[in-house]
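> Given next are the chains, with one letter for each unit.
Protein chains: 2
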Amino acid sequence: MQDKLTLMIPGPTPVPESVLKAMGRHPIGHRSGDFQAVVQRTTEQLKWLHQTDGDVLVITGSGTAAMEAGIINTLSRGDKVLCGDNGKFGERWVKVARAFGLDVEVISAEWGQPLNPEAFRDALTADTNKAIRAVILTHSETSTGVINDLETISGYVRAHGTAITIADCVTSLGATDVPMDAWGVDVVASGSQKGYMLPPGLSFVAMGERAWQAYERSDLPKFYLDLGPYRKTAAKNSNPFTPAVNLYLGLEVALEMMQQEGLEAIFARHSRHRAATQAGMKAMGLPLFAAEGFGSPAITAVAPEGVDAEQLRQEVKKRFDILLAGGQDHLKGKVFRIGHLGFVCDRDVITAIAAIETTLQSLGLHKGTMGSGVAAAADALG
Amino acid sequence: MQDKLTLMIPGPTPVPESVLKAMGRHPIGHRSGDFQAVVQRTTEQLKWLHQTDGDVLVITGSGTAAMEAGIINTLSRGDKVLCGDNGKFGERWVKVARAFGLDVEVISAEWGQPLNPEAFRDALTADTNKAIRAVILTHSETSTGVINDLETISGYVRAHGTAITIADCVTSLGATDVPMDAWGVDVVASGSQKGYMLPPGLSFVAMGERAWQAYERSDLPKFYLDLGPYRKTAAKNSNPFTPAVNLYLGLEVALEMMQQEGLEAIFARHSRHRAATQAGMKAMGLPLFAAEGFGSPAITAVAPEGVDAEQLRQEVKKRFDILLAGGQDHLKGKVFRIGHLGFVCDRDVITAIAAIETTLQSLGLHKGTMGSGVAAAADALG
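Keeping their order, the protein sequence lines are chains G and D. Numbering of the first sequence is given in our numbering, commencing with residue 1 and proceeding in unit increments. Numbering of the second sequence is given in our numbering, commencing with residue 383 and proceeding in unit increments.
Simulated from the structure, these hints should not be mistaken for laboratory data. As the structure is a prediction and not an experimental result, all values here were calculated from the model. It is possible that some hints are incorrect.
Lysine to aspartate or glutamate pairs mimicking EDC-like chemistry, simulated, CA-CA at most 16 Å apart [what the hints assert, rightly or not]:
1. D/K699 x G/D34
2. D/K386 x G/D226
3. G/K222 x D/D608
4. D/K403 x G/E292
5. D/K614 x D/E598
6. G/K317 x D/E399
7. D/K716 x D/E692
8. G/K21 x D/D385
9. D/K477 x G/D177
10. G/K318 x D/D416
11. G/K222 x D/D601
12. G/K21 x D/E598
13. D/K700 x G/D34
14. G/K88 x G/D103
15. G/K332 x G/D308
16. D/K604 x G/D219
17. D/K403 x G/D3
18. D/K604 x G/D226
19. D/K699 x D/D385
20. G/K4 x D/D416
21. G/K95 x D/D608
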């Protein structure tokens, strides 16, 4: 059967019909009063979502563009930085930082384990010369389904006094609490195809006051991703370059939906879906990949024993047209990942678990009682 | 009346319903086989549009991202370059080049005049040490409605032997002939909201073999816009970062429409619309801003005497809901610009001229016989 695809990957995530309709409108001029009104509203909505009084700037680009912008607007060639690395996106931070000539000290953890906040504290405390300019890390590590303790780590960075915190919140923003100002996170990068309930194409960089101070001394070359002109034009409800107008029209609708649901309800929904997914997997004898207690609210990675994860994933796609994500790099074939991020309701979660359970059963690989996965998930949903 | 806007600006340009429908579909996974098929088809279509055997890479970003990518992937800090500057987008090239530490020699012409190819020839001939690494220029200068002689200039660059040609073809590609390989242009940058008949959000960089040779020695720092990974993943029908999936779905449909119309027919259509617009304006006593014989096939800039260009533009918008573009920078209020780029038919052109003519008449500013503008345009359309 065609055209019945359900996305349960960590991005692109499902998009509401009302957002698709807004995006499918004829474009309007990006310098028109009508579009300025859209920029004005979305700017306010984005500050609400980030829980910040700082600036949230909209870039036409992938999430990586926002990550790069966070680095090249606050740092200078040769600057010392600490990078957290416990998965593919942590690795990417290290690559971006090195591409721009930063002096990178990596604080790593095994894939599936969270970053150890005390390792950051130790490195920051030992830095009596205040050479460290930034701590760069991923909040929700999409490749492993692990959530890192951004709050504690950014607290240690504040205690250091000089360094700033730059965080990839691509799959945490809009899924779990990221009170940027309250936690003292200076730069937050995110992308539209995640908690925002939009297709990919827009990315977002939030900059606090300390990040703008760092901007003043940053010497890395930049033009398209120079956030100075973004800030200046945002004050006039505009953009420095022609933005993705139709995605912006969708953004306004999606953020309105989020405001109607409310931040607490959104976070509670993601938390319930994480609990249900984890309970369902465990009940079927499918071990979780992330360390206990550190599962991401956006995505659950599953490491089945005695089952080819890729075969299971492909069977679920073939029979039920539900797209799960595979494992990345060395986890290919060993892990599959269930996205429960963004526009996801209880029905989607029990559907995915029922489909996985049915597929396991039909492959003769169900290790428990058929129905136990759905039962456990339903119980967790309450 | 609402929802009856017609865009006659140089971007965003009007978008066909079939393209909007494709864009309004639920997104699919960007690593799925279905999406790989889209990448494969659009890659072939893009080569056809660029008339090249080289690579045409798709970036999620504004046109300026493609311009920047052209520079940072082929040049190194301190490299000497010649930049053509005869308008706002020529100025932007100079700014981008300087932002990345290039040694820029500017060859300028007054706004409204074309760049003088002989000035490029002289500078290249005088460069016996072969210090000049690139010649950077705008093909169709959107701010003034002037088309520069890219063919002749890139011929001089080839004769130089070492330098490459980097061209902003944002409002020329898909409007007039840009046979990249035949002319020996090494890098061509363009954007989706122009001749492509798409909303903004995608940009394109075409790289010939000499451009890839230059890539090998380029030392400018880059990550998001590093074209190496774009080339590598394009060979596998994929992208290095999550692309704007929905715009890609629209791109496929738009390029199919272009292939059905055919390049010669597309260029002839733009040429006729330029002729009709120019004839209509002249017949109403409205002087063209671009020097005679150098009008862009994408946009006609008009410099009315004794008429506030901005007032005329706003009246046309208010009364007829046709959006014309204003003048940029020092041309504000002195010039208005009529976009006839992309998904524009004869009806759109005579409608715009009739609306301008009616507005002039109602303001008591028509200098000729009422109806003369439409008559001249109709005559030129044939």
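> Hint numbers the structure violates, sorted upward?
Hints 2, 4, 6, 9, 12 and 14 contradicted; others consistent.
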